[in-house]
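Going down the list, the protein sequences come from chains A and B. For the first sequence, my numbering begins at -12 and goes up steadily by one. For the second sequence, my numbering begins at -12 and goes up steadily by one.
It should be emphasised that the hints constitute simulated quantities derived from the structure, not laboratory data. Take the hints with a grain of salt, since some may be wrong.
A pair counts as met if it fits within one copy or between any two copies, since identical chains are not told apart.
To be verified - In silico DSBU-like links for lysine-lysine, alpha-carbon gap of 30 Å or less:
1. K184 x K226
2. K281 x K178
3. K69 x K265
4. K294 x K72
5. K184 x K245
6. K72 x K265
7. K141 x K226
8. K294 x K245
9. K178 x K245
10. K245 x K72
11. K294 x K184
12. K178 x K141
13. K208 x K294
14. K245 x K69
15. K72 x K184
16. K208 x K265
17. K208 x K281
Protein chains: 2
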Amino acid sequence: MSNVVKVAVDAMGGDEAPRLPVEGAVQAAEEGVGVLLVGHEDRLDEELHRLQVPADVARRLEVIHADEVVGMDEPPITPIRKKRKSSVRIAAEAVRDGRAQAMVSAGNTGAAMVAAKMIIGSAPEVDRPALAATLPNPRGWTVLLDVGANIDSKPEQLRQFAVMGDLYAQQILNLERPRVGLLSIGEEQGKGNDFTKEAFGYLEASQLDFVGNVEGSDLFKGTVDVIACDGFVGNVLLKSAEALAEMVLLMIREEIEKSPLTRLGGGLTRPALLRFRKRTAYDEFGGAPLLGLKAGCFIAHGRSNSKAIKNAILRAVEFCDARTAERISERLTELHARDSVPGVVGE
Amino acid sequence: MSNVVKVAVDAMGGDEAPRLPVEGAVQAAEEGVGVLLVGHEDRLDEELHRLQVPADVARRLEVIHADEVVGMDEPPITPIRKKRKSSVRIAAEAVRDGRAQAMVSAGNTGAAMVAAKMIIGSAPEVDRPALAATLPNPRGWTVLLDVGANIDSKPEQLRQFAVMGDLYAQQILNLERPRVGLLSIGEEQGKGNDFTKEAFGYLEASQLDFVGNVEGSDLFKGTVDVIACDGFVGNVLLKSAEALAEMVLLMIREEIEKSPLTRLGGGLTRPALLRFRKRTAYDEFGGAPLLGLKAGCFIAHGRSNSKAIKNAILRAVEFCDARTAERISERLTELHARDSVPGVVGE
């Protein structure tokens, strides 16, 4: 684990902030990571006191005071316009100013993305940063992007999303050459809507291992490692998938409760369900990176537990250590250079 | 059950055709429904012979010969251009000619939709027919449409989809006034992409119980009864949901197999899992109606078992008995009349 990378944590973001973000940060510090905790100083001190953090861990924790908090229901623009002293904005400023190399927030997702885009800033080669979710499949994980950083993307931006997802998948899934698909309806090249048909041409000219169109079902089959889509579709998919998985488990539990024998069986299968939850748990990856920024930014779920926060911090460190942001810029620079050769793209 | 309605069944469509479609048709005939079995006469006779159908049931079955079959991987246009003697086309012709009031096919979905649209035809009030899926939630069912009859719909067409879904939900879910949502990202009116923002205005002026934007998560929560979306998004959602539910069950089974105790527990919980499957099984509704035609058309899953085929036939009869197609036309005529009053729509 890098000794140089520091991660700024929006300690006021999340359903149980600052308690869980502080706990997660302390766990990350125990593994050797330097963390800037951004939030109301008194509240953070209280939490640190409660946790009785030993001195050797505490020396890796720094507190930056922030007067304000962006609420879960406030508009995404809040940290820019109204709450300039909010924890999420000050975390982004810490990254911009080089005090940290990445930020993590489990707060208002829209506000965190806006703060990151406007204060850390996009890499100059990137049109639009994209949010990448990592979804389970029976054989491993699939990176899906964009899951909501953008609405109304342009087809050529899907190629950038794919390139960013490819490099992130290399890093996080330890793959040399991830298989990349374009989310569409129907697998053949001609299938899809106007948007995906145009995006197909750009992806073909992406120098990725582009396997062509994939369908909704491929998201949970492990057919490919990276799936590129428009942020509207990705967001709807991500939210529906979370709700469906919860519904399945809830309804099975309801049915199990209906008789003593199935209840007994349910008790016996508990270890299997826990293993299933572990295999598919979002907290393994701790959060979704906003790819395409000048630095690292991981958006954690509002319901993140301390382990999810810790993992988001660790993933942010790995992201910096693997130079994923820099590699995205380099790869897109190459692609832009190729584009300037006439006739390469889009036929 | 109606004694007048007859249903034309594409007996050659589906993974195990004609065996399962014939079995399903016989089961429907046992419940008093008149069925036209469309397919290769010799093959159908063989199946009917094998099933030893008693005469009182057999008299409700009629066989119409069709020389050709559209394969699962052939282009949707096949029954129109290349295979004019295909079972799916001849089933649609039987409806067009008034020999049946609805058709059912578990074959190539695209081909069935094209045959239905071009041969049965859209109602004059309908711009574009839409395919409606019925998805489970912990409290009941949600009608989602369009799930793939259209790509690149126009925002005003979403209002038609919503009206059609509303009337179908009234019929199938026995609701007086279904709650209708627009699939978007973010619940507030201003949220979404250009397409949904425009569609929102049309839905507000729809005289439906329009609750506004809903998110992907609402699909499996029972928040609303009907969700309108573009056919691209709906198709991706439907396919991903099927795959995710399968993945969850597969992975839980894998984990249960890993130890003798959890295997024992798995055996004991089997009745609960069966009840869960029954509560969520697609075959309860038998298929997805293509709404907006001059008559009924139910598209069943390619993997439909005979019960799913039977249910699709019974649902088609109910659809005709409830005059759902006629009520769609009436309601859209009213809406068109309102639209011609200036200033009603779209602000």
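Alpha-carbon proximity context of K245 and K69, limit 30 Å: neither (51 Å within a copy, 54 Å between copies)
Give the relationship of K184 and K245 under a CA distance limit of 30 Å: within one copy only, between copies only, both, or neither. neither (49 Å within a copy, 44 Å between copies)
My question is about K178 and K245: at a cut-off of 30 Å on alpha-carbon distance, are they close within one copy, between copies, both, or neither? neither (46 Å within a copy, 41 Å between copies)
Quick one: K294 to K72, C-alpha cut-off 30 Å, is that within a copy, between copies, both, or neither? within (27 Å within a copy, 62 Å between copies)
At most 30 Å between CA atoms: does that hold for K69 and K265 within a copy, between copies, both, or neither? neither (39 Å within a copy, 51 Å between copies)
Is it within, between, both or neither when you check K294 against K245 at 30 Å Cα-Cα? Classified as between; 26 Å across copies, 33 Å inside a copy.
Since the copies are identical, ignore which copy is meant and state whether K72 and K184 lie within 30 Å (CA to CA) inside a copy, between copies, both or neither. neither (44 Å within a copy, 32 Å between copies)
Homomeric proximity label, K208 with K265: Cα distance no greater than 30 Å: both (18 Å within a copy, 24 Å between copies)
State whether the alpha carbon distance between K178 and K141 is at most 30 Å within one copy, between copies, both, or neither. both (18 Å within a copy, 19 Å between copies)
Give the relationship of K208 and K294 under a CA distance limit of 30 Å: within one copy only, between copies only, both, or neither. both (27 Å within a copy, 27 Å between copies)
Can you give me the call for K141 and K226, within, between, both or neither, at a CA distance of at most 30 Å? For K141 and K226, both the intra-copy (22 Å) and inter-copy (24 Å) Cα distances are at most 30 Å.
Please work out whether the CA atoms of K245 and K72 approach to 30 Å or closer within one copy, between two copies, in both situations, or in neither? neither (52 Å within a copy, 52 Å between copies)
Checked against the numbered hints above, the structure violates hints 3, 5, 6, 9, 10, 11, 14, 15, 17; every other hint is satisfied.
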